[in-house]
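Next come the chains, spelled out residue by residue.
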Amino acid sequence: MSTVAQDSAPIVALTDAAKSFGAVRALDGVSLSIRPGECLGLVGHNGAGKSTLVNVVNGGLAPTSGRVDFPASGADTALVAGVRSVFQELSLCPNLTVAENLRISHSGLCGPGWRRAARAEIARTLDTVFPGHGIDTETTVEELGIAERQMVEIAIGFAPRGQDVRLVILDEPTSSLDAAIADQLVVYVRQFCAQGGAVIFISHMLGEVFAVASRILVMRDGKVVADRPVAAFTRQGLVDAMGHVADDDTVAAVTRDLGPEVVRTDDGLAARKGEVVGLSGLAGHGQARALAHLYLGTTSAWRGRRDPKMVFVAGDRTRDGILPLWPILRNISIGVLQQFSRRGLVDRSAETALAGDWKHRIGIRTGDLANNILSLSGGNQQKVLFARALASTAPVVVMDDPMRGVDVGTKQGVYAMIRAEAAKGRTFLWYSTETDEVCQCDRVFVFRNGRISAELTGDAITEEGILRASFEMQDD
Amino acid sequence: MRRLFSRYRILLPVVSLALLLVATFYMQPRTMSYFGVNLLFNLAVPIALATVAQMCIMMVEDIDLSVGAFVSLTACVTATLLNDQPVLGVGVLACLVAAYAVMGAVIHRLELPAIVVTLGMSFVWGGLALFILPTPGGASPGWLRSMMTSTPPMVPMAVVASVVIATVAHLLVVRSGIGTVLRGVGGNARSVARAGWPVIRLKALAYGLAGLFGVLAGMALVGLTTSADANIALRYTLLSIAGVILGGGEFTGGKVSPVGAVIGALTLTLAASFLSFLRLSPDWQIGAQGGILIIVLMARLLFTRRNTRDG
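Quick mapping for you: the protein sequence lines, in order, are chains A and B. Read in order, the letters of the first sequence correspond to residues 1 to 476 in this note's numbering. Read in order, the letters of the second sequence correspond to residues 1 to 311 in this note's numbering.
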């Protein structure tokens with residue numbers, strides 16, 4: 001296989017490709033070529049740049065600088081070059097049948113009889129990749145289970161669709177498949193590569209990556225930190241390559257006397273009074289859902305309360321956070337209006353005083369609190385959301401990755417404020433995708449596949465420990 | 001059991017129409033004739049066309065609040081321009097279809113809520129209709145009149161027209177490749193865009209189709225009534241939405257059924273006649289019509305619930 005890989009022209013070649021989103025360099029000068037017959041395992045922690053790399057390869061994002069070429073086919077776009085992607089989030093049309101979904105990505109199917117052709121093509125591919133799949137091509141996708149949908153999506157990725165399939169990108173393809181079907185996929189990917197195709201395989205199951213890949217690429221902070229044949233890696237070496245070199249200036253959490261347990265959920269999440277509890281693991285493995293479940297379960301009542309038991313700091317500001325039409329002042333006070341309303345009317349002067357106080361304490365950079373919230377930068381909008389939560393008397397603060405897109409200075413300020421509030425007896429539940437933030441917590445729950453896979457406390461909270469719990473180490 | 005669910009979708013509108021029809025025949029046996037059936041369903045033809053227009057919009061996850069005003073406008077154009085200066089009339093109607101397509105493209109490009117844009121446009125259509133025909137009047141072109149009032153052997157015109165509309169819409173939306181992609185836009189626009197389709201053109205196409213069916217609805221209406229008025233079809237907006245939903249369509253997710261939509265339109269028309277036969281005071285009729293709608297939707301909800309539990 002390696003001789004094939006050396007001889008032929010690469011299917012895709014990245015030359016010093018970089019992609020920035022504002023000030024964030026998501027992809028920092030990556031050069032990479034993938035040749036026919038290769039199966040590239042792509043690993044790295046959250047925000048390492050895996051998705052950006054994949055999107056640059058498949059044409060979803062144009063690189064800010066550098067080049068993406070498809071020498072083997074000489075095509076200009078990934079679509080024409082036979083580069084396909086199977087995405088982690090399901091991207092089928094649920095209202096269409098399996099065969100109709102193939103039609104969406106195969107515009108060559110037209111004229112009378114296209115249905116028969118579509119049915120035959122998708123059935124053939126499903127039979128090849130997942131023998132004995134038992135999926136009827138005339139069922140609508142919404143009637144299929146999640147594993148079946150994932151199988152259909154993979155099959156559409158590998159279906160000929162009237163061209164040569166050269167490279168298929170599989171982003172966490174096995175996350176919803178059981179072991180037997182995942183094995184079928186691994187077997188098929190090997191066979192596909194042996195026949196001259198190429199695959200980029202992204203997975204958090206390291207056992208699978210070792211089983212399927214011929215070469216492993218490790219990414220960290222938008223850079224490729226290791227790119228070697230699979231035989232050159234050991235599991236431990238791979239985990240080490242993904243993690244940061246231990247920082248010397250990590251502030252060790254000071255051991256404090258914590259109060260009684262104030263939060264305890266069925267799935268095992270717990271927190272004590274005055275504790276900062278971190279939720280970690282790879283993004284989208286159930287952390288946000290666990291927090292939403294806890295928060296909505298505690299606070300959804302018919303009547304608002306003067307003394308809420310819990311408040312929420314949104315990470316997805318535009319979706320769950322700011323009220324875009326309102327001024328900064330009201331965006332701060334909305335959470336605490338109950339506290340200073342009299343006979344149903346808002347005490348305007350108390351509201352203004354409170355907002356002014358928090359503007360000062362948390363450092364919201366604005367001339368006038370009457371300005372619209374959208375006049376603030378992202379980081380300052382996030383401060384407003386923190387002020388909204390902290391201004392309440394709630395003893396528990398739930399934070400859903402609140403530092404997304406916040407600059408370093410603001411982060412340091414907020415960390416200090418969280419520490420100070422925790423010392424006064426407030427409890428924080430903090431989901432973060434950044435490992436160094438989680439390392440500041442008193443206790444960390446690591447999530448994997450929607451469940452808590454590890455509970456770390458004290459000295460056990462290290463980047464390595466979190467990584468180890470986030471990635472499946474077993475062979476299954 | 002799961003497979004039955006997809007069949008239930010079309011089964012329920014069929015059953016509701018059949019039940020209502022049986023009840024009507026029982027109340028008023030004289031309607032059980034060629035002439036009676038034609039009379040019962042005559043006015044359903046333009047409503048069915050308007051419902052299919054609404055369905056084209058709901059297919060791409062939008063909603064059109066201007067159907068009624070648009071059909072009124074096309075009826076006014078048909079009764080005046082198309083009758084007096086056929087070439088100009090056809091040109092104006094074609095422009096109206098194009099305007100609908102442009103509206104779809106603008107809604108997509110500027111990410112405007114369709115409900116607001118179409119509500120605003122309904123006043124534009126209404127104003128144009130008044131401009132063209134300030135007082136009720138006009139006349140139906142002769143060929144249109146004779147087509148709508150023709151008496152084919154055995155089966156009344158209203159039934160023939162409904163079957164033709166349902167078949168054409170079914171072929172266009174369910175069977176054809178491009179119709180499948182259009183429904184895909186309603187189901188998951190992002191995946192359609194990722195597969196390399198220009199979603200803006202697809203949306204324009206869906207709106208253009210809606211405009212075309214809207215024009216046909218206005219023409220059919222004038223063929224039946226022989227004259228027009230600027231407010232002639234205002235109630236079609238809500239009737240068309242109700243028809244789509246009754247026929248098994250949904251507000252979101254690109255789930256629509258053209259055959260169901262036509263059946264829904266027939267059911268709504270029949271419900272009005274049925275209530276008259278019941279000698280219900282006209283004051284109560286609208287409320288009773290709403291009651292029938294709610295009962296059918298409740299039945300659907302029960303079916304869906306049971307099926308998801310079994311599935």
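Mixed in with the good hints, there may be bad ones.
Claimed, not checked - Quick list of the computed label-pair ranges, beta carbon to beta carbon: (1) A:Gly-284 <-> B:Phe-123: 44 to 50 Å; (2) A:Thr-77 <-> B:Val-22: 37 to 43 Å; (3) B:Leu-278 <-> A:Ala-301: 43 to 49 Å; (4) B:Gln-28 <-> A:Trp-302: 26 to 32 Å.
Claimed, not checked - Away from chain A, derived, C-beta distances all over 10 Å, residues of chain B: (5) Val-15; (6) Gly-186; (7) Val-192; (8) Trp-197.
Treat the hints as calculated values from the structure; they're not laboratory data. Everything numeric in this text was worked out from a predicted model, so none of it was measured. Using N, Cα and C, we set each Cβ at its ideal position, and we do this for glycine too.
Results of checking the hints against the structure:
1. Here the CB-CB span from A:Gly-284 to B:Phe-123 is close to 45 Å, well matched to the stated 44 to 50 Å.
2. Checked against the hint of 37 to 43 Å, the C-beta distance between A:Thr-77 and B:Val-22 comes to roughly 59 Å, which is inconsistent with it.
3. In this structure the supplied range 43 to 49 Å holds for B:Leu-278 paired with A:Ala-301, their Cβ-Cβ distance being about 46 Å.
4. For B:Gln-28 paired with A:Trp-302, a C-beta distance near 50 Å fails the hint of 26 to 32 Å.
5. No Cβ of chain A comes within 10 Å of the Cβ of B:Val-15; the nearest lies about 21 Å off, and the non-interface call holds.
6. A cut-off of 10 Å between C-beta atoms contradicts the statement that B:Gly-186 is not in contact with chain A; the least separation is 7 Å.
7. With 10 Å as the threshold on Cβ separation, the claim that B:Val-192 sits away from chain A is violated: the shortest Cβ distance comes to roughly 6 Å.
8. The beta carbon of B:Trp-197 sits about 8 Å from the closest Cβ of chain A, which is not more than 10 Å, so the claim that it is off the interface is violated.
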